[in-house]
Amino acid sequence: DGGITQSPKYLFRKEGQNVTLSCEQNLNHDAMYWYRQDPGQGLRLIYYSQIVNDFQKGDIAEGYSVSREKKESFPLTVTSAQKNPTAFYLCASSIPGQGETLDGYTFGSGTRLTVV
Amino acid sequence: QKEVEQDPGPLSVPEGAIVSLNCTYSNSAFQYFMWYRQYSRKGPELLMYTYSSGNKEDGRFTAQVDKSSKYISLFIRDSQPSDSATYLCAMSAPGGYNKLIFGAGTRLAVHP
Numbered sequence: 003d004g005g006i007t008q009s010p011k012y013l014f015r016k017e018g019q020n021v022t023l024s025c026e027q028n029l030n031h032d033a034m035y036w037y038r039q040d041p042g043q044g045l046r047l048i049y050y051s052q053i054v055n056d057f058q059k060g061d062i063a064e065g066y067s068v069s070r071e072k073k074e075s076f077p078l079t080v081t082s083a084q085k086n087p088t089a090f091y092l093c094a095s096s097i098p099g100q101g102e103t104l105d106g107y108t109f110g111s112g113t114r115l116t117v118v
Numbered sequence: 249q250k251e252v253e254q255d256p257g258p259l260s261v262p263e264g265a266i267v268s269l270n271c272t273y274s275n276s277a278f279q280y281f282m283w284y285r286q287y288s289r290k291g292p293e294l295l296m297y298t299y300s301s302g303n304k305e306d307g308r309f310t311a312q313v314d315k316s317s318k319y320i321s322l323f324i325r326d327s328q329p330s331d332s333a334t335y336l337c338a339m340s341a342p343g344g345y346n347k348l349i350f351g352a353g354t355r356l357a358v359h360p
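Chains as they are written, first to last, in the numbering used here: chain A, 3 to 118; chain B, 249 to 360.
Quick caveat, the hints were computed from the structure, so don't treat them as lab data.
A couple of the hints might just be wrong.
If we take Cβ atoms under 10 Å as the criterion, some of the chain B residues that face chain A in the derived model are [as the list claims (entries may be wrong)]:
#1 K250
#2 Q254
#3 Q286
#4 R289
#5 Y297
#6 G353
#7 A357
A virtual CB, placed ideally from N, CA and C, is assigned to each residue, including glycine.
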């Protein structure tokens, strides 16, 4: 079955620690995205990548970093510079140009990150 | 002012009721309008999309766009407990890569 796999489902981070969230897709989509979801707020775009080896900052990129070395994979690192990282993180993928118009995005099941 | 406004609810209705979910927006360039459904602790899934103005129907769901008022709606007829979820509107403008802008989501509970 084609889809997006995010891992882990739950993640706990200590203050000052970097953590990496995994996102893998087997949909053969070129475009991938990371969103953050907080209660009462819409999805906010952290980073996106339209093609391998290229990515762009979204609206709230500070304190986060990404890489896109393979088409299937788009890991997100939450660094210690992110002061309020507790949130639900969603990875998505799409066919470039069609995700925003016709087909929508395919989302993973998310990772809930909590700072302890 | 946010580009997309959506009342977060929660909205609680009895089974069988007609549900109306709404979003307003400020960017007149938006042409593509989508509704996503998100169950608890899951990622959103695309429910319906429309282009420009008009209505679109799919089973118990109807999406409406009124571009003159910058207002979109999702109607759910004969609502079921399985419809209990958060519904997010999303929209984008044409041309190149224009990101999807999401509303805050409305939490809906349909009780038997």
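ask   = Okay, which hints does this one fail, numbers in order?
value = The structure conflicts with hint 7 only, although it agrees with all the remaining ones.
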